[in-house]
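Novice: Make the full structure from the sequences, and use the hints.
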Amino acid sequence: MKILKENGGLLTNFEVLDFLRSRGAAKDPTRVLAPLAPSEFKVYDFLEQSAACSQTRESIAEFVTKCKPYKLTKSEIVSIVNVRPSSAVEIDPLIEDLDSRLGESAEELVELVLQVFPPPPDQSKSDE
Numbered sequence: 001m002k003i004l005k006e007n008g009g010l011l012t013n014f015e016v017l018d019f020l021r022s023r024g025a026a027k028d029p030t031r032v033l034a035p036l037a038p039s040e041f042k043v044y045d046f047l048e049q050s051a052a053c054s055q056t057r058e059s060i061a062e063f064v065t066k067c068k069p070y071k072l073t074k075s076e077i078v079s080i081v082n083v084r085p086s087s088a089v090e091i092d093p094l095i096e097d098l099d100s101r102l103g104e105s106a107e108e109l110v111e112l113v114l115q116v117f118p119p120p121p122d123q124s125k126s127d128e
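Quick note, in the UniProt record's numbering, the sequence shown goes up one by one and the last residue is 128.
Honestly, the hints are just simulated from the structure, not real lab data. Incorrect hints may appear among the rest.
Stated by the list, open to error - EDC-like cross-link-like pairs, simulated, lysine to aspartate or glutamate; straight-line CA separation at most 16 Å: (1) Lys71 to Asp18; (2) Lys71 to Asp97; (3) Lys68 to Asp18; (4) Lys74 to Glu96; (5) Lys66 to Glu76; (6) Lys71 to Glu104; (7) Lys42 to Glu58; (8) Lys66 to Glu111; (9) Lys66 to Asp97; (10) Lys74 to Glu62; (11) Lys71 to Glu96; (12) Lys71 to Asp99.
Specialist: Spelled out as structure tokens, the structure:
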């Protein structure tokens, strides 16, 4: 692999997971298409258990579009996509000066997250 642009920008966990899948990462190590480092397997295993495994490019693009009125920074958006907060308590540390910037809109932003992104795998299993 050749690095085309160093520090080209932030990546969501979904994008990292998608990249590892494109390289052939899977639960079964015998199905790997390209040689992966042990650290890449560990990252893949971690991301398969996170909210990233149930996200899609379309859901992320929809979220980015719908959250424009909140005037969030790119890093705040990436943090929200990666963490997928389900309450105001979880979103508070992700946005700088949450109360002064969003005020009561913080709950609306949490509702937007819940609408756009499917529940994480651990939450959907516990609901059943």
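Novice: Hint by hint, note whether the structure agrees.
Specialist: Here is what the structure says about each hint:
| no. | hint | result |
| --- | --- | --- |
| 1 | Lys71 to Asp18 | violated (27 Å) |
| 2 | Lys71 to Asp97 | holds (12 Å) |
| 3 | Lys68 to Asp18 | violated (25 Å) |
| 4 | Lys74 to Glu96 | holds (12 Å) |
| 5 | Lys66 to Glu76 | holds (14 Å) |
| 6 | Lys71 to Glu104 | holds (15 Å) |
| 7 | Lys42 to Glu58 | violated (26 Å) |
| 8 | Lys66 to Glu111 | holds (12 Å) |
| 9 | Lys66 to Asp97 | violated (20 Å) |
| 10 | Lys74 to Glu62 | holds (15 Å) |
| 11 | Lys71 to Glu96 | holds (12 Å) |
| 12 | Lys71 to Asp99 | holds (14 Å) |
Hints 1, 3, 7, 9 from the earlier list are contradicted by this structure; the remaining hints agree with it.
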